[in-house]
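There are 4 protein chains.
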Amino acid sequence: MAGSKYAYVRNFELPDPLLPGTFLVFRLDGHSFHRFSTEHQFTKPNDVQALMLMDHAARDVMEEYKDIVLAFGESDEYSFLLRKSTSLYNRRESKICSTLTSFFTSCYVFHWKEYFPDSPLLYPPSFDGRIVVYPSSREVRDYFSWRQADTHINNLYNTIFWALVQQGGKTTTDAHAALRGTVSSQKHEMLFKSFGVNYNEIDARFRKGSILVRDIEDVSHKPLKWKKNKAKTKINLLHCDIIKDEFWDARPHLLE
Amino acid sequence: MAGSKYAYVRNFELPDPLLPGTFLVFRLDGHSFHRFSTEHQFTKPNDVQALMLMDHAARDVMEEYKDIVLAFGESDEYSFLLRKSTSLYNRRESKICSTLTSFFTSCYVFHWKEYFPDSPLLYPPSFDGRIVVYPSSREVRDYFSWRQADTHINNLYNTIFWALVQQGGKTTTDAHAALRGTVSSQKHEMLFKSFGVNYNEIDARFRKGSILVRDIEDVSHKPLKWKKNKAKTKINLLHCDIIKDEFWDARPHLLE
Amino acid sequence: MAGSKYAYVRNFELPDPLLPGTFLVFRLDGHSFHRFSTEHQFTKPNDVQALMLMDHAARDVMEEYKDIVLAFGESDEYSFLLRKSTSLYNRRESKICSTLTSFFTSCYVFHWKEYFPDSPLLYPPSFDGRIVVYPSSREVRDYFSWRQADTHINNLYNTIFWALVQQGGKTTTDAHAALRGTVSSQKHEMLFKSFGVNYNEIDARFRKGSILVRDIEDVSHKPLKWKKNKAKTKINLLHCDIIKDEFWDARPHLLE
Amino acid sequence: MAGSKYAYVRNFELPDPLLPGTFLVFRLDGHSFHRFSTEHQFTKPNDVQALMLMDHAARDVMEEYKDIVLAFGESDEYSFLLRKSTSLYNRRESKICSTLTSFFTSCYVFHWKEYFPDSPLLYPPSFDGRIVVYPSSREVRDYFSWRQADTHINNLYNTIFWALVQQGGKTTTDAHAALRGTVSSQKHEMLFKSFGVNYNEIDARFRKGSILVRDIEDVSHKPLKWKKNKAKTKINLLHCDIIKDEFWDARPHLLE
Chain W
1 MAGSKYAYVR NFELPDPLLP GTFLVFRLDG HSFHRFSTEH QFTKPNDVQA
51 LMLMDHAARD VMEEYKDIVL AFGESDEYSF LLRKSTSLYN RRESKICSTL
101 TSFFTSCYVF HWKEYFPDSP LLYPPSFDGR IVVYPSSREV RDYFSWRQAD
151 THINNLYNTI FWALVQQGGK TTTDAHAALR GTVSSQKHEM LFKSFGVNYN
201 EIDARFRKGS ILVRDIEDVS HKPLKWKKNK AKTKINLLHC DIIKDEFWDA
251 RPHLLE
Chain B
1001 MAGSKYAYVR NFELPDPLLP GTFLVFRLDG HSFHRFSTEH QFTKPNDVQA
1051 LMLMDHAARD VMEEYKDIVL AFGESDEYSF LLRKSTSLYN RRESKICSTL
1101 TSFFTSCYVF HWKEYFPDSP LLYPPSFDGR IVVYPSSREV RDYFSWRQAD
1151 THINNLYNTI FWALVQQGGK TTTDAHAALR GTVSSQKHEM LFKSFGVNYN
1201 EIDARFRKGS ILVRDIEDVS HKPLKWKKNK AKTKINLLHC DIIKDEFWDA
1251 RPHLLE
Chain R
2001 MAGSKYAYVR NFELPDPLLP GTFLVFRLDG HSFHRFSTEH QFTKPNDVQA
2051 LMLMDHAARD VMEEYKDIVL AFGESDEYSF LLRKSTSLYN RRESKICSTL
2101 TSFFTSCYVF HWKEYFPDSP LLYPPSFDGR IVVYPSSREV RDYFSWRQAD
2151 THINNLYNTI FWALVQQGGK TTTDAHAALR GTVSSQKHEM LFKSFGVNYN
2201 EIDARFRKGS ILVRDIEDVS HKPLKWKKNK AKTKINLLHC DIIKDEFWDA
2251 RPHLLE
Chain G
3001 MAGSKYAYVR NFELPDPLLP GTFLVFRLDG HSFHRFSTEH QFTKPNDVQA
3051 LMLMDHAARD VMEEYKDIVL AFGESDEYSF LLRKSTSLYN RRESKICSTL
3101 TSFFTSCYVF HWKEYFPDSP LLYPPSFDGR IVVYPSSREV RDYFSWRQAD
3151 THINNLYNTI FWALVQQGGK TTTDAHAALR GTVSSQKHEM LFKSFGVNYN
3201 EIDARFRKGS ILVRDIEDVS HKPLKWKKNK AKTKINLLHC DIIKDEFWDA
3251 RPHLLE
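If you read the sequences in order, they're chains W, B, R and G.
Counting in the working numbering, the first sequence runs from 1 upward without gaps.
Counting in the working numbering, the second sequence runs from 1001 upward without gaps.
Counting in the working numbering, the third sequence runs from 2001 upward without gaps.
Counting in the working numbering, the fourth sequence runs from 3001 upward without gaps.
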């Protein structure tokens, strides 16, 4: 066959299997989204349309890849949990990572106009992805706690920061200066005293992030077995706490 | 800081640097493009609009990532050569692979309507990517020879196959049967005798694939040094032979 | 500093950390020990002196590396379990694997004359090592079950095989032929009927392999915490079953 | 087969092939040799018997592994160059690294008494090993230049340091202090003025390290082809410069 004298170059493609029997967390982040959000005039501190577009793309990914049982999104990042026993693409790292990043990106661009009908995309956005391997359910829970705690910290800061700028008339430099060294309770107080905002009454989407979870439509009340793939499942969007036990206790199938 | 008790989960993100001093080839492939091309009614054996869209996305990638000096595309795949000394993203494998795949995908969807104004995207397409490390210029040349030889083999087969179906009235099963065991010269002959087509006169884009090369606009006639990044460069689209020496001899900077 | 112009070559030493929070199993095997055992006239099917030398080297390794909590040996191989939280050599794969292999080898040669006072080493023996990462205690138990089941299978076969040769006067070819297709119960019966040997009365060392376990000298009856490293421990050599629960239930610290 | 229910644990043994078409450098270092050399009363600054034992073990490794074409040793470390096309153990990293470390260690202990007939080994010494991948001959040469430059720097320092201590009656603290901040030429001068020693007349073994090179016994004067493995080769021990071109120009087969 013509070309066969060159085919040896395939030997340089080395295997990259991920360890079996472990949870895989795939996380993607917007590439240069600071600029992207400015150019597309995203509302500050949170643009609900932009967040809903992220959720839409994430849901599409979960519809396509059944081994993803949970996803968590905030700002321009999204994390996806693949169940421990997944054999997606034989657990090849580059294949999984690049394909999921690609499909999410594609969905984001594809659905853009549904969320921004009056603001066309000015240039193609992109994301970077990575896979992290976790050996046990403890670490998986702590991973998602880490992301939701991060959401809280960032959102509290951004909420008071943009209030100072947009309503308080401060420059961004002064707003940062005003917040330097403040702890959580002080920020809550500033927000309430200066702007009459009770932080806990802000949209849960902003405070808690977006949780997409593959729930079981349990008609039989029998314990779920993923492997049989017979249980009917439905992807639900929530904005609830995932740090405490309640969320997980109600969904033992996520970490089995 | 809230959340710091969970931050240990970052320790599970292991480093993935690619070997320094080596050429990196990044290749992406369309995911389920057999179905995608059918649903979007791509012309067979080659849809020039679809190929031009691939070229457009690939060019965008090269405009954005200056360390890519060469790209080769055929059908729904594209290969990119990053120069040996690149320190893009500190040569982190997942970061490079996922970002390039994402950006290509984004450009593909973004520009779709320019190439298919009357055929809207029905669903979001995706690609998978991988990086292969080559230690020397010999292997890099053989890699691109391998892809171009593959282009030739596939295109010759597809050209006569679709002629038998579209003009010869054969079923696809019969067309495959008619070609079974035929060598290259026989296919040329069938094409000429039955359909009056001289294969060598077919559009070079189909026979040779697409080459995007970062050429130097050499006003000074001094030898180029990539590192100084001062040379003006321009990305040219070619459909020429890259197996023989001529292409490479004219562009020593590609493999330096 | 002289030499600094060459120091860049260190950049090619890539990191190789093993995933945190996982059990590490280090296994080594004798290199060409078929020839080695023949040249040094090891007794067949089992040379008790050779096995005791292996046990001695393995015990030395465990005395030196406190994070090894269990080891299992049979024939010319030994497996070592490092506890899940070990940070030995920052979990660098090559460092751990090469150092443990080296030290075991060194101890084997160093103690040779104690076990073979009349049979000097004819040439230097060597071993190869590898590390396998296991995410959970289930897999660790199954790993050791796998090795002990292997010991049983091999020893039963070898016992009857060498009886046929040494006492039965068969050639090795005929002995293999006689055993072809026989199941376990048939081998037991052949051994008993032809040679009056009750397999279950054979030395447990041969049937069960060697288990070296770091036991806790529990004076306080408080639960052990490895991390505090305060518990007095002692390495015991056993030849017992490690497939059933009993061994593990008595030693919860091994898999904590 | 008994045991087959556990055999799945083998799936956790992941592949670890090294990139084809690259030079492999295997380096090993003595583990805690500061203590080892003290306890075994090695002569300072250089113990010629200890160095000759290192050379002996390294030569044994080269006799056993024909794909090693060059080795360089200083103090308690040794580096080995495997030719670019080696397929030793299918280029599996752990297998090569652990086996070579093990065999070197074994040879070191095995030959100890030939070099230290009156000083028995007090305990088993060990080494750690690693493999570094180099894509081109330039980096291989720079690697060996780096090690030989290191030998020079260390030996010059140690020579004057121990002269100050042994002949000059200084404490080790004072000797270090006396050398702090001195450049190479000053050390040469101190050595000559205070102790009448011309550094360049010191044994080349100490100044240049040990080079073990697989030379071709070229009777035919035809160019060597490693692959044919027909050329007679001989391992020579040298203490010459390997930074300049001469050594390499005379042995083009090392880097082919």
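Among these hints, one or two may not hold up.
Think about it this way: if two alpha-carbon atoms lie no more than 20 angstroms apart in a straight line, the pair counts; the simulated SDA-like pairs of lysine to any residue are [as the list claims (entries may be wrong)]:
1. K1005(B) with P2020(R)
2. K2208(R) with A3007(G)
3. K3095(G) with K2244(R)
4. K3005(G) with D2150(R)
5. K2005(R) with I3243(G)
6. K3244(G) with K2244(R)
7. K2244(R) with A3007(G)
8. K208(W) with P45(W)
9. K113(W) with D1118(B)
10. K2234(R) with R2207(R)
11. K2095(R) with K3095(G)
12. K1095(B) with D1118(B)
13. K2044(R) with D2150(R)
14. K193(W) with A178(W)
15. K95(W) with S3137(G)
16. K3170(G) with Q3186(G)
17. K3208(G) with D3249(G)
18. K95(W) with K1095(B)
19. K1232(B) with D1118(B)
20. K1232(B) with E1217(B)
21. K113(W) with K1095(B)
These are calculated hints, taken from the structure and not from any lab test.
Hint check results:
Distance restraint check for K1005(B) and P2020(R): the Cα-Cα separation of roughly 16 angstroms lies within the 20 angstroms cut-off, and the hinted pair is therefore satisfied. Among the hinted pairs, K2208(R) with A3007(G) is consistent with the structure: their alpha-carbon atoms are about 18 angstroms apart, no more than 20 angstroms. At roughly 32 angstroms between alpha-carbon atoms, K3095(G) and K2244(R) are farther apart than 20 angstroms, so this suggested pair is violated. Note on K3005(G) and D2150(R): the hinted pairing holds, with a Cα-Cα distance of about 12 angstroms set against a maximum of 20 angstroms.
With a C-alpha separation of about 12 angstroms, the suggested pairing of K2005(R) with I3243(G) holds against the 20 angstroms cut-off. Taking the CA atoms of K3244(G) and K2244(R), the gap is about 64 angstroms. The hint is violated against a cut of 20 angstroms. A C-alpha spacing of about 17 angstroms is found between K2244(R) and A3007(G), which places the hinted pair at or below 20 angstroms, so the restraint holds. Between K208(W) and P45(W) the alpha-carbon distance is near 14 angstroms, which keeps this suggested pair within the 20 angstroms criterion.
Note on K113(W) and D1118(B): the hinted pairing holds, with a Cα-Cα distance of about 18 angstroms set against a maximum of 20 angstroms. For the hint pairing K2234(R) with R2207(R), the CA-to-CA distance comes to about 24 angstroms; that exceeds 20 angstroms, so the pair is violated. A threshold of 20 angstroms between alpha carbons decides the hint, and for K2095(R) with K3095(G) the separation of about 13 angstroms falls inside it, so the pair holds. Distance check on the hinted pair: K1095(B) and D1118(B) sit about 36 angstroms apart at the alpha-carbon level, beyond 20 angstroms; violated.
Between K2044(R) and D2150(R) the alpha-carbon distance is near 18 angstroms, which keeps this suggested pair within the 20 angstroms criterion. For the proposed pair K193(W) and A178(W), the alpha carbon gap of about 14 angstroms is at most 20 angstroms, so the pair holds. As the CA atoms of K95(W) and S3137(G) are separated by approximately 33 angstroms, the hinted pair breaks the 20 angstroms bound. For the suggested pair K3170(G) and Q3186(G), the alpha carbons sit about 18 angstroms apart, so the restraint of at most 20 angstroms is met.
About 18 angstroms separates the Cα atoms of K3208(G) and D3249(G), which keeps this hinted pair within 20 angstroms; it holds. For the proposed pair K95(W) and K1095(B), the alpha carbon gap of about 13 angstroms is at most 20 angstroms, so the pair holds. The straight-line distance between the Cα atoms of K1232(B) and D1118(B) is roughly 38 angstroms, outside the 20 angstroms bound, and the hint therefore fails. Between the alpha carbons of K1232(B) and E1217(B) the distance comes to roughly 5 angstroms, so the proposed pair stays at or under 20 angstroms and holds.
Proposed proximity of K113(W) and K1095(B) is contradicted: the alpha carbons are some 28 angstroms apart, above 20 angstroms.
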